[in-house]
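Please work from the sequences and hints to get the whole structure.
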Amino acid sequence: MSAEALQIETVKAQIEAAVPGCLLEMVTNPSVCAQHSLVVAAKDAVAVAEFLRTADGLKFDFCSNVTGVDWPAKETVAKVKVKKLVDGVETEVEETQKTVTPGYLEAVYHLFSMELKHGPLVLRQRTAGHEVGAEVASLTPVWKSAELQEREIFDLFGVVFTGHPDLRRLLMWDEFVDHPMRRDYVDPDDYEYEPTAHDEILRRAREHAAAAQEAGR
Amino acid sequence: MTRAVAVDQMFVTLNHALVAYVPAVWRPLASAVLGVVTVMVVFLTLFALTVLLERKGLGRMQNRYGPNRVGPWGILQPVADGIKAIIKEDVVPQSADHAVHFLAPVLIVVAAFLNYAVIPVGRGMALTDLNAGVLFFFAISSMVELGVFMAGWASRSKYSLFGAMRAIAQMISYEVPMLLAATATVMVAGTLSTTRIVEMQATYTGQIPHWFVLTPWGFTGFCLFMVAATAESNRSPFDLPEGESEIVAGYFIEYSGFKFALFFIGEYLGMMATSAMAITLFLGGWSAPLACLQWFPTWGWFFVKLVALLCGFIWMRGTLPRLRMDQLMNFSWKFLLPMTLVNLVATGLWRFLPVGWERWLICGALVVVPYALLGRSINWQGRKVAVRRYRYAE
Amino acid sequence: MLGRGIVEGMLETARNFLGSYVSRERLTTVQYPEERLAHIENARSFPFLVYDGADWQAGMRCVSCQICEKECPPKCIYIEKSVDKKPDAVGRPQNYPKVFNIDVSVCMSCQICVEVCPFDAIKMDVEYELGAHDRFGGLLLDKQRLSKSNEYYHRIHPTEAAAVDAALAEERAKMQAKQQAAAAAAAAKAAAPVAATPSAAIPSAPATEGKA
Amino acid sequence: MSSAMHPAMDMAAERGMQLSPAGESGVQLLEVSMGPQHPSTHGVFRMDVVLDGEKVVKLKPVFGYLHRNHEKIAEKETYLGNMPYTDRLDYICSLTNNWAYALAVEKLAGIEVPERAEYLRVITAELTRLQNHALLIGFLMQDMGASGTPLMYAFREREKIQDLFEALTGSRMMSNYMRFGGCRVDAPAGWLAEVGKMVASFPQFLDEFEALLTGNEILMARTQEVGVVTRERAVNAGLTGPMLRASGVNYDIRKVDGYGIYNRFPFRVPLGEHGDTYDRYMIRVLEMRESVKILEQALKEIPDGPIQDPKTKPRNFRPKVGEAYGRIESPKGELGFYLISDGTGTPYRYRVRPPSLINLTLLEEMCLGHNVADIVVILGSVDIVLGEVDR
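Here the protein sequences come in this chain order: A, B, C and D.
Every letter in the first sequence is one number past the one before it in this note's numbering, and letter 81, counting from 1, is 81.
Every letter in the second sequence is one number past the one before it in this note's numbering, and letter 105, counting from 1, is 105.
Every letter in the third sequence is one number past the one before it in this note's numbering, and letter 36, counting from 1, is 36.
Every letter in the fourth sequence is one number past the one before it in this note's numbering, and letter 235, counting from 1, is 235.
Derived from the structure by calculation, the hints contain no laboratory data.
Heads up, some of the hints might be wrong.
[Claimed, not checked] Quick list of simulated restraints, FRET-style, between CB atoms:
#, chain 1, residue 1, chain 2, residue 2, range
1, D, W191, C, G138, 54 to 64 Å
2, C, V99, A, T162, 48 to 58 Å
3, B, G356, C, R4, 47 to 57 Å
[As the list claims (entries may be wrong)] Below, a list of computed lysine-lysine pairs in the BS3-like style, where the Cα atoms sit at most 27 Å apart:
#, chain 1, residue 1, chain 2, residue 2
4, D, K55, B, K158
5, B, K334, D, K58
6, C, K81, D, K76
7, D, K55, C, K70
8, A, K74, D, K320
9, A, K117, D, K293
10, C, K70, C, K81
11, C, K75, D, K72
12, C, K86, C, K98
13, A, K81, A, K98
14, D, K58, B, K158
15, D, K76, A, K74
16, B, K88, B, K56
17, D, K197, D, K76
18, D, K313, C, K174
19, A, K98, A, K79
20, D, K76, B, K158
21, C, K70, D, K72
22, A, K98, D, K311
23, C, K174, D, K55
24, A, K59, D, K76
25, D, K160, B, K56
26, C, K70, D, K313
27, D, K311, C, K70
28, D, K313, C, K75
29, C, K148, C, K75
30, D, K160, D, K300
31, A, K79, D, K320
32, C, K174, C, K86
33, A, K43, A, K81
34, D, K293, C, K75
35, D, K300, D, K255
36, D, K255, A, K117
37, D, K72, A, K74
38, C, K70, D, K76
Heads up, the beta-carbon is just placed ideally off N, CA and C, and yes, glycines get one too.
Spelled out as structure tokens, the structure:
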């Protein structure tokens with residue numbers, strides 16, 4: 001693989017030159033494989049994608065993998081020493097500071113080039129908020145392969161892809177309300193459980209069975 | 001009367017003996033009833049055996065045993081199947097047309113049985129010897145189409161409607177080449193009576209019988225007839241009306257229990273009837289294949305030939321995938337039909353050319369050359385098919 | 001010419017048809033209840049608990065460390081630890097499982113429990129003819145139904161069992177040597193005059209007893 | 001009948017199928033639901049098909065009947081505990097699934113794999129490819145109505161391969177064999193010789209199989225020019241595996257990435273020219289012949305040695321924070337695993353890139369204008385396993 005040859009910084013520079021005014025941010029990946037990624041803003045996503053697909057030397061004509069990631073709001077508690085005036089004397093006081101990083105949802109695209117046989121280039125889009133229905137731009141017009149996978153992200157994460165030709169649920173049934181891959185997803189209580197012999201689920205299954213019997217009588 | 005003739009004619013003798021107990025006025029009727037009952041019993045038994053043969057034969061072709069658990073070597077399997085079919089619940093869809101839904105399988109079985117009226121099973125062993133026996137056969141066998149369409153329509157299911165539509169289109173298309181293939185024999189024999197046709201073939205030159213299949217036009221006619229018969233009885237590779245991988249089970253998708261079994265019986269009886277007709281028209285009916293083999297009873301030869309043809313059906317089913325509707329139609333109208341017409345010409349020439357090797361050469365060339373040409377240019381959806389060669393990267 | 005491929009195909013099926021009467025290669029059915037495939041040594045179905053000796057309760061190798069319970073991907077193992085202790089396979093005093101259940105209807109035969117077990121106490125069985133009428137209880141195997149002897153283990157997985165036995169024997173020998181050394185040390189200490197700090201000798205005494 | 005009158009048409013319209021009341025020929029269109037319980041949808045797959053006579057006017061695949069949220073389960077499971085779950089994705093090829101997951105974790109944590117383990121991986125993966133392709137062709141013929149004969153021959157060979165898998169991994173299908181940094185157990189004594197025997201006999205089976213099928217006029221008529229995918233569409237829709245190569249794109253991840261030790265094997269990549277169903281069938285046959293060559297070489301070269309990286313312990317495995325995308329050429333196409341680690345023992349995000357699902361992207365395009373009978377043939381040639389499509 002010519003991943004080493006393909007420096008992410010140069011790709012970033014190329015994109016910035018080709019798509020003026022686009023917001024790009026590099027995310028370094030600390031793991032060994034060092035597949036770094038580029039975060040692209042939703043407004044520029046289609047232009048950037050089109051450039052990546054067609055530009056000479058890049059030719060990312062194959063969008064292999066599209067997936068969502070849920071990053072919920074994070075609360076970090078840090079103890080900081082702050083100098084304060086206490087009773088007129090400047091003393092060092094330890095204080096806990098709460099910082100809340102707002103949550104967001106992410107769509108991750110893994111791009112390869114079938115013509116030049118290089119890759120992966122990881123492209124990310126982030127939603128502004130963490131709520132269901134947060135929007136990013138659909139890249140299906142650029143790569144048809146994103147169609148089913150973006151539908152899957154919409155289904156499982158609740159990310160809305162603007163510009164997607166056929167945005168419906170993919171795996172869950174149409175009447176289903178929640179988005180099960182979200183971190184804040186809570187199992188509903190009324191599944192048809194396949195009970196194991198011990199745990200909570202068996203208890204609930206028995207309750208359900210009893211209730212059903214009661215109702216039937 | 002020699003012993004061989006006695007064995008050969010034993011059913012006829014038995015019939016006469018039994019009928020003798022009935023008052024003279026009723027004798028023709030009693031004879032007919034006796035014959036009908038015998039034919040029904042014999043061919044239903046043969047149906048059971050064919051199903052077993054098919055399942056075991058397919059199994060062997062597929063490296064497995066086939067049914068071998070019910071009775072010794074599984075020979076009671078048809079009995080078990082029958083019991084299962086009878087005791088199964090008979091489900092009729094709520095929206096189905098109940099009367100028609102019920103009548104369809106009955107009609108199919110009745111039509112299939114009527115075919116046997118003109119089949120000479122042995123010397124002097126045809127139920128009726130109609131002057132227009134061949135015509136009767138083809139008239140009756142198209143009744144099956146009515147039953148099939150009734151079944152598909154009455155079930156009110158999209159899949160069964162598909163199956164019925166396909167069946168109608170297919171069976172009507174293939175009736176034409178089938179009839180034309182049979183016409184060749186009628187042209188030479190000069191009669192429509194099945195008994196007469198067989199008798200004409202039951203003479204020998206030295207050891208060789210005068211079967212029509214042993215002439216160029218007869219062989220071609222036989223092959224064309226068998227192909228059309230396969231399609232006519234909805235057997236693989238022409239089993240589109242069932243098409244179980246596409247339209248699930250076609251026209252009998254909404255049938256269960258014994259009605260389903262009736263369709264099954266009807267299909268197999270139809271297959272056996274067309275095979276019997278092929279034997280009558282081309283394979284010398286009940287006559288022995290060699291003059292020295294005439295000691296074997298004639299009805300024996302008939303059933304040997306019948307089972308051999310059935311094995312051919314089974315063999316094809318075990319090997320071939322299914323055609324598609326448009327290809328099926330193309331095959332019928334653009335290949336089979338021209339071939340049967342050419343064959344009619346060859347038959348006519350054969351009839352009027354003087355006996356000798358020239359007539360073989362001319363008639364042979366007349367069927368082989370069009371076969372090669374038509375086979376080459378056969379149109380599968382506007383293009384030719386061919387085995388391809390592939391390239392490799394690096 | 002049209003029909004060549006079809007004829008070739010039909011010859012192929014005919015070859016298989018005739019071949020099925022002469023060669024086992026072309027008649028591959030194994031008629032199951034009467035015939036069975038040869039037992040493959042590495043085969044696995046569901047886990048069982050190994051015990052040494054004749055008594056399944058005394059010889060049980062499991063010390064209810066509950067690692068398998070934690071690691072089991074479908075969470076089909078349920079263990080309750082005993083309060084008291086008994087010597088394990090190598091002679092250390094250990095807990096034993098008061099309850100050890102495996103819900104075989106949930107188990108997916110991945111043998112991760114076997115891999116993670118540090119005591120060689122749980123192994124994979126080859127028994128596959130399991131059936132029950134009761135959906136919840138019938139396939140919930142308890143400690144007694146799970147226990148199978150070491151001889152059985154040797155019968156179904158001879159190579160693996162031999163390796164396990166060798167490792168256990170080595171560990172047992174090490175353990176005994178250690179115990180003997182400890183006993184000798186204790187004896188030496190006890191024999192020595194009480195001039196040394198008595199407080200050091202006293203706590204060591206019950207410990208030695210416990211180990212013995 | 002206007003669409004306002006008929007409730008079924010309203011329902012269809014709601015599901016995104018704008019039905020015109022009449023087709024080209026002026027005949028009323030027929031909406032047929034093929035599946036989820038249909039003999040040739042290879043499981044519980046459904047297609048909403050709109051037909052004009054027998055011609056397909058519209059086709060919408062409906063997924064999810066076998067959905068079990070594999071990825072959510074994986075986020076609650078340890079890295080090791082996910083390995084047996086990968087077996088159940090594409091249950092025909094559990095060993096390649098294992099490899100793809102192991103490869104992704106190895107990329108994530110930077111683990112080296114010993115030589116012998118790499119060879120064992122290649123051998124098992126290529127055996128998997130043999131059985132998958134043989135089986136697929138069998139099922140394709142079954143969809144074409146061939147009474148199961150080719151399928152039974154394929155199963156006969158697959159049975160031999162599964163016996164080998166059982167002898168190696170302990171299980172015929174759910175192998176759970178590979179580990180991060182190696183394989184779980186070494187090959188038992190005599191196993192490699194058994195594989196050698198099997199591999200030596202395989203070309204004969206292929207010859208018989210081809211005699212039965214390749215030249216068959218009915219098969220050619222049914223498959224040639226059916227379900228054509230052009231080169232450009234195939235690349236844009238992200239098709240991978242034999243599907244892609246049948247359209248003439250030279251892209252085999254074994255060659256491109258050279259993962260494992262594949263760059264040691266000089267195998268060839270067959271390419272199709274027409275991109276139709278017949279090409280897809282033939283590419284698989286030819287790939288099997290190449291796999292046999294790879295196997296022969298691997299069996300000759302396999303060295304002795306350890307099979308597991310000693311530094312990696314499967315239990316309490318905690319890779320450092322980061323993410324990795326690892327992919328292999330599974331028999332069905334590019335099988336990728338995308339993992340995000342947050343430093344704990346369970347993956348923060350675990351994603352499977354299912355080749356079966358993505359190869360279905362073009363299903364409607366391939367089927368439009370063809371017959372009902374062609375739908376099942378085209379679907380069969382895509383090679384899907386619902387365990388992977390729906391996850």
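Here is how each hint holds up against the structure:
D/W191 and C/G138 have their C-beta atoms about 36 Å apart, which leaves the hinted 54 to 64 Å range violated. Between C/V99 and A/T162 the Cβ separation comes to about 56 Å, which falls inside the hinted range of 48 to 58 Å. For B/G356 paired with C/R4, a C-beta distance near 32 Å fails the hint of 47 to 57 Å. The straight-line distance between the Cα atoms of D/K55 and B/K158 is roughly 14 Å, inside the 27 Å bound, and the hint therefore holds.
Restraint check: the Cα-Cα separation between B/K334 and D/K58 comes to about 30 Å, which exceeds 27 Å; the hinted pair is violated. For the hint linking C/K81 to D/K76, the alpha-carbon distance of about 25 Å falls within 27 Å, and the restraint holds. Distance restraint check for D/K55 and C/K70: the Cα-Cα separation of roughly 55 Å exceeds the 27 Å cut-off, and the hinted pair is therefore not satisfied. Distance check on the hinted pair: A/K74 and D/K320 sit about 20 Å apart at the alpha-carbon level, within 27 Å; holds.
For a cut-off of 27 Å, the pair hint linking A/K117 to D/K293 stands: about 24 Å separates their Cα positions. The suggested pairing of C/K70 with C/K81 holds, with an alpha-carbon distance near 14 Å, which does not exceed 27 Å. Of the pairs offered as hints, the one joining C/K75 and D/K72 holds, with about 16 Å between alpha carbons and a cut-off of 27 Å not exceeded. Between C/K86 and C/K98 the alpha-carbon distance is near 12 Å, which keeps this suggested pair within the 27 Å criterion.
Among the hinted pairs, A/K81 with A/K98 is consistent with the structure: their alpha-carbon atoms are about 14 Å apart, no more than 27 Å. Taking the CA atoms of D/K58 and B/K158, the gap is about 16 Å. The hint holds against a cut of 27 Å. Only pairs whose Cα atoms come within 27 Å are accepted, and D/K76 paired with A/K74 is accepted, the gap being roughly 19 Å. Restraint check for B/K88 and B/K56: the C-alpha separation of about 24 Å stays at or below 27 Å, so the hint holds.
With a CA separation close to 43 Å, the supplied pair D/K197 and D/K76 exceeds the 27 Å bound. For the given pair, D/K313 sits about 25 Å from C/K174 by alpha-carbon distance, which is consistent with the 27 Å threshold. For the suggested pair A/K98 and A/K79, the alpha carbons sit about 9 Å apart, so the restraint of at most 27 Å is met. Note on D/K76 and B/K158: the hinted pairing is violated, with a Cα-Cα distance of about 45 Å set against a maximum of 27 Å.
Between C/K70 and D/K72 the CA atoms are separated by roughly 18 Å; this keeps the pair inside 27 Å, and the hint holds. Of the supplied pair hints, the one linking A/K98 and D/K311 is violated, its CA atoms being roughly 39 Å apart against a limit of 27 Å. For the given pair, C/K174 sits about 78 Å from D/K55 by alpha-carbon distance, which is inconsistent with the 27 Å threshold. At most 27 Å may separate the alpha-carbon atoms for a hinted pair to count; A/K59 and D/K76 exceed this at roughly 38 Å.
For the suggested pair D/K160 and B/K56, the alpha carbons sit about 24 Å apart, so the restraint of at most 27 Å is met. Under the criterion of a C-alpha separation no larger than 27 Å, the hint pairing C/K70 with D/K313 is consistent with the structure, at around 16 Å. For the hint linking D/K311 to C/K70, the alpha-carbon distance of about 23 Å falls within 27 Å, and the restraint holds. Taking the CA atoms of D/K313 and C/K75, the gap is about 21 Å. The hint holds against a cut of 27 Å.
At roughly 22 Å between alpha-carbon atoms, C/K148 and C/K75 fall within 27 Å of each other, so this suggested pair holds. A distance of roughly 20 Å separates the Cα atoms of D/K160 and D/K300; the hinted pair therefore holds under the 27 Å criterion. Between A/K79 and D/K320, the direct Cα distance comes to roughly 25 Å. Compliance with the 27 Å bound is thereby established for this hinted pair. Note on C/K174 and C/K86: the hinted pairing holds, with a Cα-Cα distance of about 19 Å set against a maximum of 27 Å.
At roughly 41 Å between alpha-carbon atoms, A/K43 and A/K81 are farther apart than 27 Å, so this suggested pair is violated. Of the pairs offered as hints, the one joining D/K293 and C/K75 is violated, with about 42 Å between alpha carbons and a cut-off of 27 Å exceeded. A threshold of 27 Å between alpha carbons decides the hint, and for D/K300 with D/K255 the separation of about 21 Å falls inside it, so the pair holds. A distance of roughly 10 Å separates the Cα atoms of D/K255 and A/K117; the hinted pair therefore holds under the 27 Å criterion.
Only pairs whose Cα atoms come within 27 Å are accepted, and D/K72 paired with A/K74 is accepted, the gap being roughly 20 Å. A distance of roughly 12 Å separates the Cα atoms of C/K70 and D/K76; the hinted pair therefore holds under the 27 Å criterion.
In summary, the numbered hints that this structure violates are 1, 3, 5, 7, 17, 20, 22, 23, 24, 33, 34.
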